[in-house]
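Residue numbers (this note's numbering), protein chains in the order written: chain U, 7 to 297; chain A, 180 to 614.
These are calculated hints, taken from the structure and not from any lab test. A quick note: this is a predicted structure, and the numbers were derived from the prediction, not measured. Heads up, none of these hints are tricks.
So the derived label-pair ranges between C-beta atoms look like this:
hint	chain 1	residue 1	chain 2	residue 2	range
1	U	267	A	356	23 to 33 Å
2	U	50	A	610	33 to 43 Å
3	U	228	A	345	39 to 49 Å
4	A	348	U	249	15 to 25 Å
5	A	559	U	49	48 to 58 Å
6	U	25	A	356	18 to 28 Å
7	A	268	U	50	49 to 59 Å
8	U	30	A	485	48 to 58 Å
Note that CB positions come from ideal geometry on N, CA and C, so glycine has one too.
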Amino acid sequence: MGVGPDFEYRTSPDSFLAVRCTRCGVVYLDRRPDISELDRIYPDHYHAFAFTEDRFGFVYSVRRRLEAKRLLHTFRDLPDTARILDVGCGDGFHLDLLQSFGPKGWGLEGVDIDDRAISAARRRGLTVHRGRVENLELPEASFDAALMIQTVEHLANPVAVLRAVHRLLVPGGRLLLVTDNTGSLDFTIAKRRHWGGYHFPRHWYLFNAQSLRRLAERCGFTVASMGTMMSPVNWVYSARNALDDWGASREIVDRLSLESPVALAAGTVLDTVHQLVGRGALLRAVLTRPR
Amino acid sequence: MTRAPVFVLGAGFAGLTAAVELQRLGHDVTVFEANDSIGGLATSHHLGGVQYDTGAHFVTNRLATAVGVMDQCDDAERYGEAVWSRGQCASYPFGLMRSPRFAGSALLARLQSRAPARTAADRFRAEYGRTLADEVAIPLIEAWSGLPAEELSPSVADKIPGGIAQTIALTAARRLTRRAVAIGYCAEAPQSANVWHVYPRAGLEVFTQHLADQLVGKIRLQSPVEAINIEGTREQRMRVVGVRVGGRDHEGSAVISTLPAPLLARLVDHPLVAPVADLQFRAMVFVQLHLRGRGLLPEPVTWFPERRRPFFRVTEAPMSMPWFAPPGETVLTVDFGAEVHDAIWAADDAALAVTALEGLTDLIPDIQARYIGVTSTRTPIAYPVYALRTEPARLAIATHGIGGLVSAGRNGEFAHLLMEDVYWRTLRIVRALAR
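Bound-form chain U, shown alone:
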């Protein structure tokens, strides 16, 4: 399917192979980095540890408002005392949104395995469990909702994690899952090497609507909604990776970054068009634990 190096952080001299299962359509990284290498492949300036206002400025505030609106819309009918778990919470960006903009009575908790992410999230005053959700002994059926926002693609065993989340949700509880979409046009164009969503070697499993639905159903969920949402990020990275790879000047490559409003605006325009025809860059699914 695709082969490429770590374009963004250059954490390894090696390159990585993405392959697609001919039976289920899942795209996965063949020969994943060893678990002991997580510290290396997620460097200290990795965006999920360091997506901060002072670094991303305008972009940060726009993203915050947009995401808050979308999240609260999804969870608009949750009771004021609901408990919500963010699996793979990173620096706590999304929990912080719920904390800031949602009802004050919500019980918000996060899970992550990376100490740097956990301390960033705790600095925001959030409750974060350290470890894997499938190993943590959280009480069964104790959460009304869960988030997995750009988490599932980083997992070594998505099935085990989704089953664990299923167990933690109350019957009727909802999981909001967002992940890169291999049904998107930029994947089709750049899948051989430069696709931003590969994020070599950090994204291990990648889905389209069909394969994500299959995963959800295999883990006992029913799919309440499955759609795509606009994101300029993969477009920007696909273009950046291609230009970088083909030896374009540093000046041009550096303009294509998440810190550049112009690049993001261009990506936004592009992806909005595709979002309108249902092929946005991110898959957004709401899954329900059946009653």
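Knowing the structure of chain U, use the given hints to seat chain A on it.
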């Protein structure tokens, strides 16, 4: 298949690939290698400051990544092929089409309806036109095979899928990306601007060693397999039940043989496998000329279709991999088709050097003054001969019907496979067997 041991015959690239995959699928695997070292054809030679190989030449970044050794590979600087004929050089394939004679004949052939070709000669003439076939394609295939094209199967001309438009696009990608984008080097996985030639700096053994490192205690060197034991008769289902090595029987459920296919007939005592004994490989003598200078050929691989020359292809690998020779020097590998024990096979290095240097004088007029030294390598199993006479035997390799016995790899499949195809095909064969 049960979890009884699986045996892999041969510790070359295909055998080691098969063994690693079997192990990954949870099988107990043992590799038997007749020689005292691993690697088989996928071995680079290092001699007097120069490097060369005689089996597997180019690998791609995709293959190196799949095997897990890309961090030890460097990009090939360039890659291209040319044809030298009638004192002129034409790049392949587009340069040939600049000749009105070739282009006209090819166009005419395209316009004519054709019956299915019965021989390689028919097929080349139908596809390329009479002029191009008779002056270039047929002489080359005959030198390569050692048989007249009328006695070769049309399947020898099976090509990598991909049309003219794709070749043009990939050629443009070479310019744009300044990489040796692989064109026509893999049939099993898609061609793309993002797949290019690379080479392990330390030699091809990087590949086989990396695979062998994952098979600790599973490889038995100096262990030629004497027989593949099968059970059952023609009426009942026949299956592999083990192998005999060093006079001792080992019980197992399957055998993946990467040995040259004709050898299977000696190891399996059964009429279903007997026909493969007829398959023949073309022998080759590879002469490495160590010369002063660099970039002596028009392209790293240059073909010589004129029959008056005793060789048909010359490769200047240092044009692609500069570290193959010291700066200011180069190595040309000159390919002589041979029969085991014929005059070429028996010739000593000095005589081969004289023949090669003389044959190249029209292309490189000062070649004598550039000469530093010579070595040669002989292999009796260089290329499979797709003889019409042995087509049924070639098909029997895959259709013999003995359960648990498969023949894989370039020699095992008796097919002219390039290294990346060997890899993907072997994985496919192993997975089908393990299912």
